[in-house]
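Colleague: Protein sequences, first through last, are from chains W and X.
Heads up, the numbering used here is the position in the first sequence plus 3, with the first residue counted as 1.
Heads up, the numbering used here is the position in the second sequence plus 25, with the first residue counted as 1.
Be careful, since some hints might not be right.
What the hints assert, rightly or not - Under the rule of at most 30 Å between Cα atoms (straight-line distance), these lysine-lysine pairs were calculated in the BS3-like manner:
{"hint": "1", "chain 1": "W", "residue 1": "Lys-76", "chain 2": "X", "residue 2": "Lys-298"}
{"hint": "2", "chain 1": "X", "residue 1": "Lys-296", "chain 2": "X", "residue 2": "Lys-67"}
{"hint": "3", "chain 1": "W", "residue 1": "Lys-210", "chain 2": "W", "residue 2": "Lys-28"}
{"hint": "4", "chain 1": "W", "residue 1": "Lys-80", "chain 2": "X", "residue 2": "Lys-91"}
{"hint": "5", "chain 1": "X", "residue 1": "Lys-110", "chain 2": "W", "residue 2": "Lys-262"}
{"hint": "6", "chain 1": "X", "residue 1": "Lys-245", "chain 2": "W", "residue 2": "Lys-206"}
{"hint": "7", "chain 1": "W", "residue 1": "Lys-259", "chain 2": "X", "residue 2": "Lys-296"}
{"hint": "8", "chain 1": "W", "residue 1": "Lys-80", "chain 2": "X", "residue 2": "Lys-141"}
{"hint": "9", "chain 1": "X", "residue 1": "Lys-245", "chain 2": "X", "residue 2": "Lys-298"}
{"hint": "10", "chain 1": "X", "residue 1": "Lys-298", "chain 2": "W", "residue 2": "Lys-28"}
{"hint": "11", "chain 1": "W", "residue 1": "Lys-28", "chain 2": "W", "residue 2": "Lys-206"}
{"hint": "12", "chain 1": "X", "residue 1": "Lys-299", "chain 2": "W", "residue 2": "Lys-76"}
{"hint": "13", "chain 1": "W", "residue 1": "Lys-210", "chain 2": "X", "residue 2": "Lys-110"}
{"hint": "14", "chain 1": "X", "residue 1": "Lys-119", "chain 2": "W", "residue 2": "Lys-74"}
{"hint": "15", "chain 1": "W", "residue 1": "Lys-76", "chain 2": "W", "residue 2": "Lys-28"}
{"hint": "16", "chain 1": "W", "residue 1": "Lys-74", "chain 2": "X", "residue 2": "Lys-91"}
{"hint": "17", "chain 1": "W", "residue 1": "Lys-144", "chain 2": "X", "residue 2": "Lys-246"}
{"hint": "18", "chain 1": "X", "residue 1": "Lys-246", "chain 2": "X", "residue 2": "Lys-67"}
{"hint": "19", "chain 1": "W", "residue 1": "Lys-262", "chain 2": "X", "residue 2": "Lys-246"}
{"hint": "20", "chain 1": "W", "residue 1": "Lys-262", "chain 2": "W", "residue 2": "Lys-206"}
{"hint": "21", "chain 1": "W", "residue 1": "Lys-76", "chain 2": "X", "residue 2": "Lys-110"}
For the record, the hints were derived by calculation from the structure and aren't laboratory data.
This structure is a prediction, so every number in the text was calculated from the model and none was measured.
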Amino acid sequence: MIRAILMTGLIGITCAFLSCFITLKGWSLMGDALSHSVVPGVALAYYLKFPFSIGAFLTGLLAALSMSLIKVKSKLKEDAIIGIVFTTFLAIGIFLLSIFPSQIQIQTIVLGNVLSISDMDIQQVLIISSITFCFFLFQWKNLLVFCFDPIFARTVGLNTIFLHVLLLALLSATAVAALKAVGACLVVAMLITPGATAYLLTKQFSKMLFISTTLGFFSSVFGAYFSFFFDGATGGCIVLLQSCFFIIALYYSSHKNKKSQKIILENSNISSESLGPTL
Amino acid sequence: MNISFLDSLLLPFQFEFMTDAFILGMCISLLCSLFSCFLILKGQSLIGDALSHSVLPGIIIAHALKIPLTIGAFASGIFSIYATKHIRDRSSLKDDTILGVVFTGLFALGLVLFAKIPTDLHLDHILFGNILGIERTDFWEALIICFFCFLFFIFYFRSLTICHFDEVFARTIGMNTSFFRYALLVLVALLIITSIKALGILLVIALLITPGCTGHLLTKKMGHMLFVSAIVGVLACLLGIYISFFIDASPSASIVLVQTSLLVILVGIGKLKKLISNSIG
Chain W
4 MIRAILMTGL IGITCAFLSC FITLKGWSLM GDALSHSVVP GVALAYYLKF PFSIGAFLTG
64 LLAALSMSLI KVKSKLKEDA IIGIVFTTFL AIGIFLLSIF PSQIQIQTIV LGNVLSISDM
124 DIQQVLIISS ITFCFFLFQW KNLLVFCFDP IFARTVGLNT IFLHVLLLAL LSATAVAALK
184 AVGACLVVAM LITPGATAYL LTKQFSKMLF ISTTLGFFSS VFGAYFSFFF DGATGGCIVL
244 LQSCFFIIAL YYSSHKNKKS QKIILENSNI SSESLGPTL
Chain X
26 MNISFLDSLL LPFQFEFMTD AFILGMCISL LCSLFSCFLI LKGQSLIGDA LSHSVLPGII
86 IAHALKIPLT IGAFASGIFS IYATKHIRDR SSLKDDTILG VVFTGLFALG LVLFAKIPTD
146 LHLDHILFGN ILGIERTDFW EALIICFFCF LFFIFYFRSL TICHFDEVFA RTIGMNTSFF
206 RYALLVLVAL LIITSIKALG ILLVIALLIT PGCTGHLLTK KMGHMLFVSA IVGVLACLLG
266 IYISFFIDAS PSASIVLVQT SLLVILVGIG KLKKLISNSI G
């Protein structure tokens, strides 16, 4: 149990870290698509008996690349392309599982089951998280520039295609890591909500990263803890907790905004009144 | 030999549950295809994704309170539309982020409720659908909802098209554009709820995207697009159920795979034709 809680904490941090970049880049639904697209990879990996992370990562990356390719080649809107690609991948996964029934339950893939996490899974998660953090350390500035202003990034001579693929690869890798903890359906929440919450609260990127990782860590740890009392809906608990934080942040920030607008209004009133008589 | 071969080809039509599935699949896919054209053009395809996930808590609460599942699902679908609008008014977040936050939050709530409230619902059936095991009442309910949506579509086809293509113009000539925008969302929510029993939360989305895209890629006129997408949608649904009977696969996954293959084949043929006509011309 303790192991599971620590594991979800680590996954929560990694996802939250990435979620800042994704929210800013407008790729939120890419996370959704990728997390659904890994299902056939998991299914295939179980049949062919290789670590499921590799299979999942490969299909996730394949989905991401095919989306980019179709986007260049056709006139369809991006959301439509995402929709087509990920439903197809998901359908392939379910199709495979229904034709060759096996020991894996589709529910564990879709909904996750962190309490049954094995040593091998832990190793995989550790490797994925450390790789992700290494890339971020080395490519920190470049990724930041790329996310905020891709055109500027290209102008100053950065290899934007490389960065694009790198970010996609990191995204699929993290989605795979989180798959075990919260399942394909809720990975997307781990990849959106912390970033979105932090975005509401601050305007500085470094603060945003800090808030989002803290939130990701705490909601994962406490979510996993609470799920003990809820008969195992770990993913559900984690995401619900994150959503609660989001709601609080939303009202807090809109309250603050109103206050600051009021102050501005009052100031302008005072100034217009003070100007009034002289005019 | 010949006759037995034919018999085995017609075998699926001899079971009542199969004919039910065919009829239901046909109606649902027809309506979904028609609406998918509008969603695609407006760039709202992922609204289907969001709505289909957010009905889960509604279904479970309705089941616990013993009210019809459709009402619960509809209520939580509408709630998600409202919540999205509410957050958009209050923050500067991007639309897709808001959708993502809202629908995953509701889905997570559904999962937690499912774990806490003991029900005899099968999560498998909600997630992946069960078109072959539709109950009689559900069947008629679905047909009635489809009929209602179809009527609305026929009556307001013109207004819907105008609102979608040129909202400013529509408002100038005195149309109630926000009514049509929300009417479309409500109808899509209704359709999704009906289809969930057949296809499941996860694959309904494909029905609301793929046929419209096929139509969009093949033609330039709205009328043609609707026609193509309706035909592709219905054909894919029938073929998918039919094939799944023989290879013992999940019907909903087969339907989606047939849809995507039809999309690829048709667009491929279209490209080839263009190439040939270009080289001749």
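Colleague: What are the numbers of the hints that this structure violates, sorted from low to high?
Modeller: 4, 6, 7, 8, 10, 16, 17, 19, 21
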